[in-house]
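Enquirer: Chain residues, written in single-letter form:
There are 2 protein chains.
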Amino acid sequence: MSNNKSNGYSSNGSLVVETHHHFLDELYKMMVKDVYDGGRNRDSKVVEFKHPKELEALMDLGLNKETSDDNLLKICQDIIKYSVKTGNPHFFNQLWSGLDDYSLGGAWLTEVLNTSVYTYEVSPVFTLMEKTLIEKMLNLIGFKDGDAIFTPGGSMANMYALNVARYKRFPDVKKTGLYGLPKLCVLTSEKGHYSIKKGMAFLGLGLDNLVNVKADSKGKMDVQDLEDKILQLQSESKVPYFVNATAGTTVYGAYDPLDKIADICQKYGLWMHVDGAWGGSALLSKKYRGLMKGIDRVDSMTWNPHKMMGSPLQTAAFFTRHKNLLPPCHSANAAYLFQQDKFYDVSYDTGDKSIQCGRKNDSLKLWLMWKAKGDQGFERDIDNLFECSRYLANLVKERDGFELVIEVR
Amino acid sequence: MSNNKSNGYSSNGSLVVETHHHFLDELYKMMVKDVYDGGRNRDSKVVEFKHPKELEALMDLGLNKETSDDNLLKICQDIIKYSVKTGNPHFFNQLWSGLDDYSLGGAWLTEVLNTSVYTYEVSPVFTLMEKTLIEKMLNLIGFKDGDAIFTPGGSMANMYALNVARYKRFPDVKKTGLYGLPKLCVLTSEKGHYSIKKGMAFLGLGLDNLVNVKADSKGKMDVQDLEDKILQLQSESKVPYFVNATAGTTVYGAYDPLDKIADICQKYGLWMHVDGAWGGSALLSKKYRGLMKGIDRVDSMTWNPHKMMGSPLQTAAFFTRHKNLLPPCHSANAAYLFQQDKFYDVSYDTGDKSIQCGRKNDSLKLWLMWKAKGDQGFERDIDNLFECSRYLANLVKERDGFELVIEVR
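Residue numbers (the working numbering), protein chains in the order written: chain U, -19 to 389; chain H, -19 to 389.
No lab work stands behind these hints, which were simulated from the structure alone. Incorrect hints may have been included.
Intra- or inter-copy, both count: the list cannot distinguish identical chains.
Taking lysine to aspartate or glutamate pairs in the EDC-like style, the calculated list, with each CA pair at most 20 Å apart, reads [unchecked claim]:
(1) K163 <-> D152
(2) K209 <-> D243
(3) K45 <-> E115
(4) K266 <-> E46
(5) K218 <-> D152
(6) K198 <-> E170
(7) K54 <-> E28
(8) K111 <-> D243
(9) K155 <-> E170
(10) K45 <-> D363
(11) K148 <-> D363
For reference, chain U alone in the conformation it holds in the complex (with noise of 0.2 Å):
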């Protein structure tokens, strides 16, 4: 093996590729030992917190110069020594946690076969995937039809939805821009995710549009305030156009009342949207999915099998009812991709569907965990989520110096 750490072209041009067995397979017993097994440990630590100054100096983050295996894999146990566990039963600062087997497997899968996901030649299986897995999902929500795509995070999700929901109600916007309309709102509770804020500047529809619903004690959107705020921008010749419903809110983890906000948008002519990136998941019980009971009626959802569902970061979806609006709101038609005479059905070309072009395949890591649990085992993992809540929340009721700030269901 020569010391060149590239891959070489001889001079006839043919690529030389060389190979690093040492190197990987070394990492691999290493990410096993330390991450999968140890970093899992219930006795192990979270993380070796160092202030940044200080992990600067602990570390040897300088490039510039080619280095060595060696040095290479001492670096990677650095990495993992100084990086959070999050797979340790003991981290609980964010929305997700945990390390599926087989979603690792995926994920590992997913990056030695390196793909994008715009066209079927290119991505045969994982085309297959996603459409197995949005099939799949659409049925759990209860869209009878409907059409979906993999996003990279919730956040995207939620500005998709925003983005089609327009299209709908003005099919001129994406030539015309937002020029000339009258002022689009949004309705969102004040305990919603604050992506519909990035979202509405973003898009351009401006942080003066987006109005915040009451939320009651629970951190419930309140649907009599929402109800006179429709009415009171109606009276000011605004027009709302989107309510956004969160089902599993970031912090109180509340579910809104989806069906009685399905009422209003019904009344009123509004796309309604559920941001379930967090809670979307309890679907997949049948003890739970009465809490997003109503999501058969709206026009979309978000979903994040990221956060409860346990697959690795970033698995994210937008989901809606309308079948033939992602195509026609985000296409661009590129000639050189998106050819009509290829040899096989081009309806399986999903990119023009996205508002990406190279779009990470994020279809299999779920696609292989959820093969490998069935429903049962999502249905088990979801129901065992909600026991835990209740053990902690009792927890806290009995121990002094504590306060229960939200009873758990």
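Knowing the structure of chain U, use the given hints to seat chain H on it.
Expert: Showing chain H alone in chain U's frame:
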């Protein structure tokens, strides 16, 4: 090992982590044998192509029921069999290829650590690595100061550019939206990437306000036509605000004359963005960075290391010379995440520079690759790629029945 594929919870709520070493070990061996070694063998097939319906019939895609580790391994074998081996030396269809050992290792380590890059506390190492890469790349671009953020692909980075540029010129747009503003127009080469179209629609700017500038026979932007069109827009009381130049067009690989375009942008006070998603990596070569002459004068740039530099999909970033623009433009100040009273310097919390909330760690794989190869390794690779294109051009010229469409440099 129990038959239960899930991590279970015992009756006192403690997590019982089960391990599936056999599955992961066998999968690792398979990935190394059939993708890492076998898939890159130049005598192997790039793909065992099957039409969609045929592949659906061949593969066991249905979910629902739990399945055994052995069956999963069999399925993984099929996934590999029917997927495109993008690391194969004969894979030429798209703008990326190859499979670098170190970035693959980094990508695998990313998956097992499974974290989000929004606050320092949850991703200390990766926050510093992104910072290191950003400083390195800003320096290569020639922005003396500046800011940047990794994005899920180049299309998203181009949309960042459209958004921060309009915010710079009209800071109220975040609050009020596009209402009340004149028609903001964007100019791009007719050979530029289609993501600018997608961005015009998504950001509410409208396709009607996108103006295509002519390209010459080599695919480079016609600077005279650019100036003519700016003047024409002004005469129609429209407001050109943004010029998208391309450093490496998708089809011709043409580099627009950045220096001359910068002159025009300076003259008319327009934001100049360079879509260097594909070709920006020429900056790593002393021999070819002249193609990017003028890049240090522009306002922003998109650069995808997952293309010419060979890191895995997705590795992309948005760079701007304007230091304090990303945070005010994109922030939503979510109180639950970005507390200001943490016990470290919260300027290391980068999440609010992004339009996402959770954000995949895309830095480690590139950082590790850079650490392994050094600047020199990348320079050698880039130089090799240009040499290969000349080699291919010569083959085309000499072979009967082929015609060279455009001379290579």
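Enquirer: Between the shortest in-copy and the shortest cross-copy C-alpha distance, which are at most 20 Å for K266 and E46: within, between, both, or neither?
Expert: between (55 Å within a copy, 18 Å between copies)
Enquirer: From the Cα coordinates, with 20 Å as the cut-off, is the pair K155 and E170 best called within, between, both, or neither?
Expert: For K155 and E170, the Cα distance is within 20 Å only across copies (18 Å; inside one copy 33 Å).
Enquirer: How do K148 and D363 come out at 20 Å by Cα distance, when the copy is not named: within, between, both, or neither?
Expert: Result: close neither inside a copy nor across copies, 37 Å intra and 49 Å inter.
Enquirer: At 20 Å max between alpha carbons, let me know whether K111 reaches D243 within a copy, between copies, both or neither.
Expert: neither (31 Å within a copy, 48 Å between copies)
Enquirer: When Cα atoms must be at most 20 Å apart, do K218 and D152 count as within-copy, between-copy, both, or neither?
Expert: both (18 Å within a copy, 19 Å between copies)
Enquirer: Between the shortest in-copy and the shortest cross-copy C-alpha distance, which are at most 20 Å for K45 and D363: within, between, both, or neither?
Expert: between (51 Å within a copy, 18 Å between copies)
Enquirer: Go through the copies and call it for K209 and D243: within, between, both or neither, with a Cα cutoff of 20 Å.
Expert: So K209 and D243 pass the 20 Å test inside one copy only (15 Å; across, 50 Å).
Enquirer: At most 20 Å between CA atoms: does that hold for K198 and E170 within a copy, between copies, both, or neither?
Expert: within (12 Å within a copy, 54 Å between copies)
Enquirer: Are the CA atoms of K54 and E28 at most 20 Å apart within a copy, between copies, both, or neither?
Expert: within (17 Å within a copy, 39 Å between copies)
Enquirer: With 20 Å as the alpha-carbon cut-off, assign the pair K163 and D152 to within, between, both or neither.
Expert: Result: close both inside a copy and across copies, 15 Å intra and 15 Å inter.
Enquirer: Could you place K45 and E115 in one of the four classes (within, between, both, neither) given a Cα distance threshold of 20 Å?
Expert: between (49 Å within a copy, 16 Å between copies)
Of the numbered hints given earlier, the model fails hints 8, 11; all others are met.
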